Every structure is written in structure tokens, then in C-alpha cells.
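The primary structure of each chain is shown beneath.
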Amino acid sequence: MSEAGAQVGSPPLAVDVGKEPGRWRDYAVAAGFLAPALILLFVWIVYPTIRTAVRSFFSADGSKFVWFDNYRSIFTSDFIVTAIKNNAIWIGVVPALVTGIGLVFAVLVERVRFSVSFKLIVFMPMAISLFAAGVIWRIMDQKEPDRGAVNAGIAVVKDAVSPAGVLSQALPSTPQLAGGPGQGLVLQVPLHPGDVARLGLTGIPPEDLPQSPVQAVDPTPVSGGISGVVWRDFKPGGGKPGKVEQDEYGLPGVQVELQDTNGKKVESATTEPNGTFTFDSVQPGVYHAAIGAGTFAKPFEGVSWLGPKLITPALIIAYIWVWAGFSMVVIAAGLAAIPRDVLEAARTDGANEWQVFRRVTVPLLAPVLTVVFVTMLINVLKVFDIVLAIAPDSVQDDANVIALAMWRVSFGGVNDFGLGSALAMFLFILVLPVLLLNIRRFKREA
Amino acid sequence: MTAIEADAHTYENGTQETVASRIVRFLSTTPVYIALIVIGFLWLIPTIGLLLTSLMAPADFSSMGWWKVLSKPSLATWQNYDHLFHNGPLTHSLWVTAQIALGATVLPILAGALAAYAFAWLDFPGRDWLFIFVVALLVVPLQMALIPIFSLYNTLGIFDTVLSLVLFHTAFGLPFSIFLLRNFFIGIPKDILESARIDGASEIRIFTRLIIPLGLPAIASLAIFQFLWTWNDLIVALTFARDTQPITVAIFNQLTEFGSNIEIIAPAAFVSLALPLVVFLAFQRYFVQGMLAGSVK
Numbered sequence: 118m119s120e121a122g123a124q125v126g127s128p129p130l131a132v133d134v135g136k137e138p139g140r141w142r143d144y145a146v147a148a149g150f151l152a153p154a155l156i157l158l159f160v161w162i163v164y165p166t167i168r169t170a171v172r173s174f175f176s177a178d179g180s181k182f183v184w185f186d187n188y189r190s191i192f193t194s195d196f197i198v199t200a201i202k203n204n205a206i207w208i209g210v211v212p213a214l215v216t217g218i219g220l221v222f223a224v225l226v227e228r229v230r231f232s233v234s235f236k237l238i239v240f241m242p243m244a245i246s247l248f249a250a251g252v253i254w255r256i257m258d259q260k261e262p263d264r265g266a267v268n269a270g271i272a273v274v275k276d277a278v279s280p281a282g283v284l285s286q287a288l289p290s291t292p293q294l295a296g297g298p299g300q301g302l303v304l305q306v307p308l309h310p311g312d313v314a315r316l317g318l319t320g321i322p323p324e325d326l327p328q329s330p331v332q333a334v335d336p337t338p339v340s341g342g343i344s345g346v347v348w349r350d351f352k353p354g355g356g357k358p359g360k361v362e363q364d365e366y367g368l369p370g371v372q373v374e375l376q377d378t379n380g381k382k383v384e385s386a387t388t389e390p391n392g393t394f395t396f397d398s399v400q401p402g403v404y405h406a407a408i409g410a411g412t413f414a415k416p417f418e419g420v421s422w423l424g425p426k427l428i429t430p431a432l433i434i435a436y437i438w439v440w441a442g443f444s445m446v447v448i449a450a451g452l453a454a455i456p457r458d459v460l461e462a463a464r465t466d467g468a469n470e471w472q473v474f475r476r477v478t479v480p481l482l483a484p485v486l487t488v489v490f491v492t493m494l495i496n497v498l499k500v501f502d503i504v505l506a507i508a509p510d511s512v513q514d515d516a517n518v519i520a521l522a523m524w525r526v527s528f529g530g531v532n533d534f535g536l537g538s539a540l541a542m543f544l545f546i547l548v549l550p551v552l553l554l555n556i557r558r559f560k561r562e563a
Numbered sequence: 063m064t065a066i067e068a069d070a071h072t073y074e075n076g077t078q079e080t081v082a083s084r085i086v087r088f089l090s091t092t093p094v095y096i097a098l099i100v101i102g103f104l105w106l107i108p109t110i111g112l113l114l115t116s117l118m119a120p121a122d123f124s125s126m127g128w129w130k131v132l133s134k135p136s137l138a139t140w141q142n143y144d145h146l147f148h149n150g151p152l153t154h155s156l157w158v159t160a161q162i163a164l165g166a167t168v169l170p171i172l173a174g175a176l177a178a179y180a181f182a183w184l185d186f187p188g189r190d191w192l193f194i195f196v197v198a199l200l201v202v203p204l205q206m207a208l209i210p211i212f213s214l215y216n217t218l219g220i221f222d223t224v225l226s227l228v229l230f231h232t233a234f235g236l237p238f239s240i241f242l243l244r245n246f247f248i249g250i251p252k253d254i255l256e257s258a259r260i261d262g263a264s265e266i267r268i269f270t271r272l273i274i275p276l277g278l279p280a281i282a283s284l285a286i287f288q289f290l291w292t293w294n295d296l297i298v299a300l301t302f303a304r305d306t307q308p309i310t311v312a313i314f315n316q317l318t319e320f321g322s323n324i325e326i327i328a329p330a331a332f333v334s335l336a337l338p339l340v341v342f343l344a345f346q347r348y349f350v351q352g353m354l355a356g357s358v359k
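For the protein sequence lines, the chains are A and B, in the order given.
Here our numbering runs 117 ahead of the position in the first sequence, where the first position is 1.
Here our numbering runs 62 ahead of the position in the second sequence, where the first position is 1.
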């Protein structure tokens, strides 16, 4: 019996009696208590671990001893190399982010009255399977902004900053108007104050017209200013190009620019429902009227989160959504355990809140932060479900991670148990340092 | 350390606080309030999104975002759920999930509690080393076992059964179970056990009459953990189940046609997370305790 065991308090009766039969009977009782667990652990964890280690040196069907060939394939086959690279991104980004976000949330929530509800909301995804969370985010990440909520959110922000233009395309109706939707259209006729600019457009898709279009109005000259009209220079039957006629509609919301002879924008205006616009007071000189390219700015088409380029960031966002709550709750418990008087002492010594946080709170929290970080490190190494759930089949090679590669090699149709075992070993070797760390920690505690 | 609930009112005990200092505090915390409300709202959106998607007719899903349901509640329909609960294979997989989760919750606790008792209160050679060994198994990735157990199940002919899944989960739940329970049991006052032993109670009697009742808080934490973990499992079931598939695998099999069958996927996913969510909300205190006691996994 070991020393440590004596300290934890083993029953004195069992030791004191000292009679051989009694002691053996005690051992037998202990063995009886341990047997179910040890059998299960041996058959389902210990034996398979040894078996997998051995198997990793054999060929796909297990018939041939191939030394380190399987391990070599890990670093030579493209899709596994991608998986390792992706896993490296996960390891580099996720544990730090999750720990950081958890720390920020825990510190913020400590000060507010509704902290319970907030913690509950952020922690909730932990109860959901990573797989169901994946399904959720697959819906969130749809590309079209009118279906995928993430892109819808981006679209709202983007439209506020640079709104989409009113027209998707148009052609000039007369040669005097030069250019195209890409760079904007410039009226070649030089304008002086008091002149009128007629900017006729054709080739406008019907859906770009306002719902109840208004008859275009031929502008009246303004003394000392420049007036004009932007209209759809077309009516059923044709009409005469360059002339505002009955049944030709004004184009509202078009950005008209007044440019000087160098093509520099002097002023801009937006057209009325009847297509007219006015620059009231213009310095004497020569000008050009132009329709800005912004009029033809394309609406936000949506970020392709589920495409090959952004799939890993999309997965990481979903993963953080799930795990931030774990980190927050563990760190909050750590915060609650910090003695108040330590913080108060720092404050009375004249430290400001940031210094208290940076110099007192964080160092005191270091053990907790380490636990969260290491836990996330292990979790991230084994990430699997969320990739299967979010990444569409076509991009799974781009989103691949080690655990997924291991599963697909072994059970996804190829059935290469040799390479699969080597990949499992690879994962095992990666968590081995944590295992040794744990052993050391528990040896100290035991 | 009841985490989520703890510390909520730390700042409310300042009863002698002056009006001025209250105003100052209010002003300095307002940005924090706003930030937290925004974050909380953002955190809720995805789950609400799934719920609303699951209530949409399939034709609507392909043409508009789920948030349209908020402004036009008439778009919502129970039709998808109605179909789901009349879908034989899917309801069957819910039943399978329940069986697996139940079995894989009870067994590791039972076997774990027995072993934990031995580690905490019985005397045998090499006890501490054996315990450290068991705890070391905590971080062994279950990928290490998939291939050999796959072969073993085929040899034994128990592939694709509820039992085979339960046993796998049990084994991988055991290290955590033993670790958590042993640490809890060891905190039980020594006198109680000794007086029971002096009274001549057998170890198994002490275990059932004393340890289990006293250990209930820890057992509750563990049960919730284990239940959520096995209910939510995908990789084990994906490997060892074909026809006896739990709900996660059933949804997974639908995912390849994502978009064309969202009316099955969304409600099924929501049903699959509804029960864990209820369990979590009802017992979150135990859940958090367990997590804090052993955030090593």
C-alpha cells in the first residue's frame, strides 16, 4: 500500500487486522468493485489502443508489414496534408479565441444584473450537439442574402455604407452620351449655366423601372444653373431618340454628376420621380453632365461561406458559437473565487480598473485560463461533427481535418485500416503531451 | 461555485450606496449592458433561425429567409413536424437515440461508482497508480478504438445493435465517471464510513446505503453530462450503426441533399436538440458543477 493512499484515509480495520486471510478477502472485495470498470476499460480502450498502434504498421488489408509506409502517406497524400494544415489553423486560432472571448464575457457579465440570463443564453449551445449546431449554421451560412442570415446581416451593413444602384444596366440612347454601366456615362455636349442636359437611356430591364413610373418631363432651363432629365428614351413602338416624348418614363434615384472639363466631379444630384434634376447655382464655365457608376452598383451578392475558400472560417465561427459559453462559465467561476479583498487592496493602492484586470485578475486566473485553453486544444484536435454537418460534400476536401480524414479513410468507402490506424496514432501522439501533463497533475494531487 | 447562478447579486449588497454613486455606476455600466444585450441577441439568432426554418413550408424556404416568418406569422406551419412524427424511420431513430442515451448514462455511472468507491475507500496494492492510469485514459481519442472495435463487433456479431453502441459509450465515459465520483466520494466524512464498518456493514451495503445516497449530487452532474454526450454523439453511431441509427445519423443521411429536403432536416434537428436543451435548462446547475469539477476532457 502506497504512502499517498494512507493519507487519503484507508479503513484502519483492513490494515490493523493484519491477518493474511482477512487481507486477501479485502483485496477480493476491491477487485469485485473494480472488475466491471476495468474489464470495460481494457476491452474498449486499452486493447484497441495497442491494436491500433500495431495495425498502423500494416498494409490496408492487414496482410503485410509495411514499416512506416502509412505514416509516410500521411504527409504525402494531398487531402491529408490539407487536413493537417486546416487542423493547424484550428489549433492556432480557436483555443486562443475561445479563451479570450470567454474571459471578456466573464468579466463583463460580472457587473450586470441580468448575468444569469446572459450566461444561460451563451452557454445554451453547449447542450446542443455539435452536429445539430452544424445544421443550424448551414442554414445561417446560405449564400443568398435573402436566405442566409449571416449574409443578410452583412447586406444590411453594406447597403448602409454603399447602397446598391437603382439600375442594373442601361445603354445610351444617343451617341452624345458615351460610356457604359461599368465606368458611368458622360454627356459629350458641353454645358454652360442656363443649359439643359438630356440623358436618355435604353436597354433598361423592366424590373429596374419604378412600380408606378412617372411620365418624364422635359426640363426647363434655370438661369445660372444647369437642369436636366434622365429618362427611359424608349416607348412601345420606338419613339425618337434624344427627345422626351409622351409615355416615356423618368428614371428616379439616378446619381447625376456635374463634371468640369477635366472630368472632375463638381457637384452631384439625384433625379426626381419624373427624371429631372437641377444644379441651382453653377459658376460660369464649361461642364459635362454624367451618370455616375454608383447608379449601376451591383447589390450585395452574398459571401460564399460554404465555398472552398471560406469554409474553415465559417466552421470556426460556428465552433466558437458553441464553445464560448463553456469558456465563459469556467472562467466566471474562477473569477468568483478570487478574493474580493485582493482586488480592493489593488484599487486602494491606486490601480485603475485596467491595471487591476491586467496585473491582478489575469495572473490570478492563469490556472483557469490554462485549463480552458488546454481543454479547447484537445477538443479542436478531435473536431469532426461540425465539419461533416456544415461543409457540403463538394468542399469537404477543403474543410478536411485529421479526425475526419481518419474516419473517411477507414469507413468512408476506402476501408484502408492501415492508414486509418496511422492517422488515429497521429492524433494520439498529438494529445500525448496533455496526457503526460494530466498524469503529473494527478500524481501531485493524489 | 454554482457558476451560472453564482455571483449574480454581488453588486446588489451595497445597500448604503449613495444616489450619486449609483448614477455613476449606472453610467459606467450602460455600455456594458448594451454590449451584452447585443451579444446575447446574436447568440440566440442561430437557434431561433433553426426553429423558424423548421416551421416554414419547403417552397418558402427556397425563396425567402426564415426571418420573414417573424413579420408574417401566417407563413409558419406545423406541417413539417406533422410529417416528421409520421415518418417511421425518423421516429424510430429517436427511440433508438433514447435507448442508447439511457443505457450509456446508467452503465458508466454504475460501473464508475463501484470503481470510484474502491479507489476512494478500499485498500489494495497499486491503488494510486491504477487510478492515475484510469485518469490518463481520459484524453485517449476515441478514434484509437474505432477500427479494432469495428472488427471486434463484426467477429462477435453484435455490430449495429443498441448494446454495442452503449458499451462503447460506457467505456469511454468511464474514466471521467471514475475521476469525478472518486474525487467526490473521498470528500465524504471518514467517520460515517468507519462507524458503519464497526457496526459490521458489508462493503456492498455501505456502498448502496451510504455512498450512493451521499454521492447523488455528483451522480446527477455525471448523469446529465453522460446523457447529453451520448444523445449528441455522431462519430460512434456513424461507425457502428447501419439500421439501428440514432437521430444524428438519420439527419446526417439526409444532409447530402441539403436544400431539397430542408423540411425534414430542420424539424428533425430541432427535435434532436429540444430534449438536451430541456435537460440542460432544468439541471444546468449540476451540468456546470460537473463541468467545473472535471474540465479536463
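It cannot be assumed that every hint is accurate.
As the list claims (entries may be wrong) - To give an idea of the interface, some chain B residues facing chain A are shown, with a C-beta separation under 7 Å as derived from the structure:
no.: 1; residue: L132
no.: 2; residue: A180
no.: 3; residue: V350
Source of the hints: derived by calculation from the structure; they are not laboratory data.
Bear in mind the structure is a predicted one, so any value in this text is a computation, not a measurement.
Glycine included, every Cβ here is placed at the ideal spot set by N, Cα and C.
Results of checking the hints against the structure:
1. L132: It is violated, given that the least Cβ distance between L132(B) and chain A is near 12 Å, above 7 Å.
2. A180: Holds: closest Cβ of chain A sits about 4 Å from A180(B), inside 7 Å.
3. V350: holds, 6 Å
When the structure is compared with the earlier hints, a violation turns up for hint 1 alone.
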